Amino acid sequence: MDTTKKGRQARENYVKSEFVRGATANLPMAASVAAYGSVLGVLAAQKGLNWLDLMFMNSAVFAGSAQFVMVDMWTHPLPIVEMALAVLVINLRYLLIGASLEPLFAGRTLWCKIFMMHLVADENWAITMAEQRRGKASVAFLFGGGVTIYLSWSCGTLAGMLGGGFIAHPEVFALDFAFTAVFTALAVGLWQGKKDLVPWLVAGGLALLTHHYLPGKWYIVIGGLAGALTAMLGPLNAPAVGEEGANVSS
Amino acid sequence: MFPANTKQLVLAIGLAALVTYSLRLGGLLLASRFPRAGRFRKGMDVLPGAMLFSLVLPSIVGEGFWGVVAGGLTALTVLRTRNPLLAMLVGMLVIFAVRRMGR
Numbered sequence: 015m016d017t018t019k020k021g022r023q024a025r026e027n028y029v030k031s032e033f034v035r036g037a038t039a040n041l042p043m044a045a046s047v048a049a050y051g052s053v054l055g056v057l058a059a060q061k062g063l064n065w066l067d068l069m070f071m072n073s074a075v076f077a078g079s080a081q082f083v084m085v086d087m088w089t090h091p092l093p094i095v096e097m098a099l100a101v102l103v104i105n106l107r108y109l110l111i112g113a114s115l116e117p118l119f120a121g122r123t124l125w126c127k128i129f130m131m132h133l134v135a136d137e138n139w140a141i142t143m144a145e146q147r148r149g150k151a152s153v154a155f156l157f158g159g160g161v162t163i164y165l166s167w168s169c170g171t172l173a174g175m176l177g178g179g180f181i182a183h184p185e186v187f188a189l190d191f192a193f194t195a196v197f198t199a200l201a202v203g204l205w206q207g208k209k210d211l212v213p214w215l216v217a218g219g220l221a222l223l224t225h226h227y228l229p230g231k232w233y234i235v236i237g238g239l240a241g242a243l244t245a246m247l248g249p250l251n252a253p254a255v256g257e258e259g260a261n262v263s264s
Numbered sequence: 032m033f034p035a036n037t038k039q040l041v042l043a044i045g046l047a048a049l050v051t052y053s054l055r056l057g058g059l060l061l062a063s064r065f066p067r068a069g070r071f072r073k074g075m076d077v078l079p080g081a082m083l084f085s086l087v088l089p090s091i092v093g094e095g096f097w098g099v100v101a102g103g104l105t106a107l108t109v110l111r112t113r114n115p116l117l118a119m120l121v122g123m124l125v126i127f128a129v130r131r132m133g134r
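Protein chains in written order, with this note's numbering: chain A, 15 to 264; chain B, 32 to 134.
Simulated from the structure, these hints should not be mistaken for laboratory data.
Values in this document were obtained by computation on a predicted structure and should not be read as measured data.
Hints are supplied without guarantee of correctness; some may be wrong.
Unchecked claim - To give a feel for the contact side, a few chain A residues facing chain B, derived at Cβ under 8 Å:
(1) Met43
(2) Glu116
(3) Thr194
(4) Phe197
(5) Gln206
(6) Met246
Just so it is clear, CB atoms sit at the ideal spot from N, CA and C, and this is done for glycine as well.
With these hints in hand, go ahead and build the complete structure from the sequences.
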């Protein structure tokens, strides 16, 4: 009895400390998220959304790039179906993001997965993946990061909406580039070394082509899948451990 | 007029939310059926980085020469400092300066 109580206590402490660790690890990200969130707030105010609409969207959808596109499409009457389709295409990457988290959630209950997956954004996911490569990530770490990102996203978007008068032209301050810069930094964090070079080049090339020739946001998913396919079709070296030796053959 | 608008808004945001959440959870639940080794695994390992790279590259290239410079400096900063916030500011500063001088 005593030992199980002790065990439970220890596990609770572990979960708490992991939550806090995840929440703080995402703090540098939080500032960036708030910065490009403020741009969305300005745009949303221009489209006539109020702060309640915005908070409803922040809490229910909680996906930066999709929300940008939704606000962009905001007209009366609302194009509900077109909007949902656009969100589907942009957020198709979450299917892959969700799949990549499977090892982290190994052995967890369905309810745990159901509760924890909502607050998975690009930022806390990328930081968790980087942490996992060092063997130190956990579900509580991911969730703690999600809470930080949610709070900063909400603060940033609301600040942009309410202070919209001060930044009527966000592009002058390069605020529209904040999103790109943040995700560039995130991408660099996911670089695994030389073996990524060819897949990334293929991904980038296809993304540029798709961006040029197809409407909407297909380029994200198509580029990503092309990179993954390239890696799959590449030479299947002895399982990744002896990298120095493997390079000779190429 | 007001209730009709509200209903539309709830429907539009609700549907977008449902789509997004289904993708998040769906990916996680489907993944347990994926193979854990071999070629498929290699692809899945590359996927996150390749996808983010595909997300940013068109916007970087769309900014022209200075966009590429800004993107490169952002990448270099995060490599050197491991600080994404600083990296973001470096990238934004380049674009800010170029747009300032451009007029």
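Compare the structure with the hints numbered earlier in the document and write down the numbers of the violated ones, lowest to highest. Checked against the structure, no hint fails, so every one of them is satisfied.
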